[in-house]
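S.K.: Assemble the whole structure, with the sequences as input and the hints as a guide.
Using my numbering, the letters of the sequence shown correspond one by one to residues 749 to 927.
These aren't lab readings, by the way, just hints derived from the structure by calculation.
Accuracy of the hints is not assured; some may be wrong.
To be verified - Label pairs and their in silico Cβ distance ranges:
id : residue 1 : residue 2 : range
1  : R844      : V894      : 22 to 30 angstroms
2  : G909      : V877      : 34 to 42 angstroms
3  : A862      : E913      : 21 to 29 angstroms
4  : A840      : L908      : 22 to 30 angstroms
5  : M821      : G766      : 15 to 23 angstroms
6  : L777      : G852      : 16 to 24 angstroms
7  : A854      : L754      : 29 to 37 angstroms
8  : L758      : V818      : 18 to 26 angstroms
9  : F786      : L875      : 19 to 27 angstroms
10 : V883      : L754      : 35 to 43 angstroms
11 : F879      : G766      : 31 to 39 angstroms
12 : G852      : V877      : 31 to 39 angstroms
Idealized CB from N, CA, C, for every residue including glycine.
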Amino acid sequence: MIDPYLLRRLLYFMLFLGLSALILFTRMLPLHGGSGGFPPPDLILCFALAWTVRRPDYMPVLGVAGILLVADMLTLAPPGVAPFLAILGIEALRARRGLLADQGFAVEWLSVAAILTLMMIGERLLLGVFFVPQVGFGMSVLSLLVTILFYPVAVLISTLGFRIEWLKPGAIDPEAHAA
Numbered sequence: 749m750i751d752p753y754l755l756r757r758l759l760y761f762m763l764f765l766g767l768s769a770l771i772l773f774t775r776m777l778p779l780h781g782g783s784g785g786f787p788p789p790d791l792i793l794c795f796a797l798a799w800t801v802r803r804p805d806y807m808p809v810l811g812v813a814g815i816l817l818v819a820d821m822l823t824l825a826p827p828g829v830a831p832f833l834a835i836l837g838i839e840a841l842r843a844r845r846g847l848l849a850d851q852g853f854a855v856e857w858l859s860v861a862a863i864l865t866l867m868m869i870g871e872r873l874l875l876g877v878f879f880v881p882q883v884g885f886g887m888s889v890l891s892l893l894v895t896i897l898f899y900p901v902a903v904l905i906s907t908l909g910f911r912i913e914w915l916k917p918g919a920i921d922p923e924a925h926a927a
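M.R.: Spelled out as C-alpha cells, the structure:
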C-alpha cells in the first residue's frame, strides 16, 4: 500500500503537470491578434514559485525543469535557458523559505519579484552573450511586470482553489501522519 503522504505529493505534482498542460494549450491557441500585443504572464513559473514557497515538497525541481523545457520547445523559445534560470530561482526561494514563512505576503511578493527580475536579467545576458535574437528590452520588462502582477492571482488560486497552504519550518504535516 502506498503511503498517503507520498500519494498526496504525487497527486499535487500531477495537478501541477495538468495545470501546466492547460496553460501551454491555451498559449498555443491562435487567440492573439498579431504581433506587438500585450505579453502574457508566465503562469507556469508563477505557480511553480507559489507552490515552492508554500510546499516545496510538492514541487520536484527536475519535474519543473522538464515542464519548462517542454514549454520552451512548444513555444520555440531558446531551449534550456528558462529551465536553468527557474532551477536557480526555485532553489533560491527554497533556501529562503524559512524566512518567508514568518513574514507577510508583501515580503514574499517582493522576494519573488526580485528573483523574477534577476531571472529576466540573467536570460537577457545569457542570450546576449551567445548572440541569440531577443525581443526588445521594453517588451521583456512589460512581460516581467505582468508576471509579477499575476503572482498574487497564482497564490490565491493555489491557496483557495488547490488548498496549498504554508507548512511552517519544523512543523509536522498533520495529513502526513494521518494513516
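S.K.: Look at each hint and say if it fits the structure.
M.R.: Do the hints match the structure? See the list:
1. R844 x V894: 22 to 30 angstroms: holds (24 angstroms)
2. G909 x V877: 34 to 42 angstroms: holds (40 angstroms)
3. A862 x E913: 21 to 29 angstroms: holds (24 angstroms)
4. A840 x L908: 22 to 30 angstroms: With a Cβ separation near 26 angstroms, A840 and L908 satisfy 22 to 30 angstroms, so the hint holds.
5. M821 x G766: 15 to 23 angstroms: holds (18 angstroms)
6. L777 x G852: 16 to 24 angstroms: violated (37 angstroms)
7. A854 x L754: 29 to 37 angstroms: Given a distance of about 34 angstroms, which is inside 29 to 37 angstroms, the answer is holds.
8. L758 x V818: 18 to 26 angstroms: holds (19 angstroms)
9. F786 x L875: 19 to 27 angstroms: Hint holds: Cβ distance 22 angstroms, inside 19 to 27 angstroms.
10. V883 x L754: 35 to 43 angstroms: holds (41 angstroms)
11. F879 x G766: 31 to 39 angstroms: Between F879 and G766, where Cβ atoms are some 37 angstroms apart, the hint holds.
12. G852 x V877: 31 to 39 angstroms: holds (38 angstroms)
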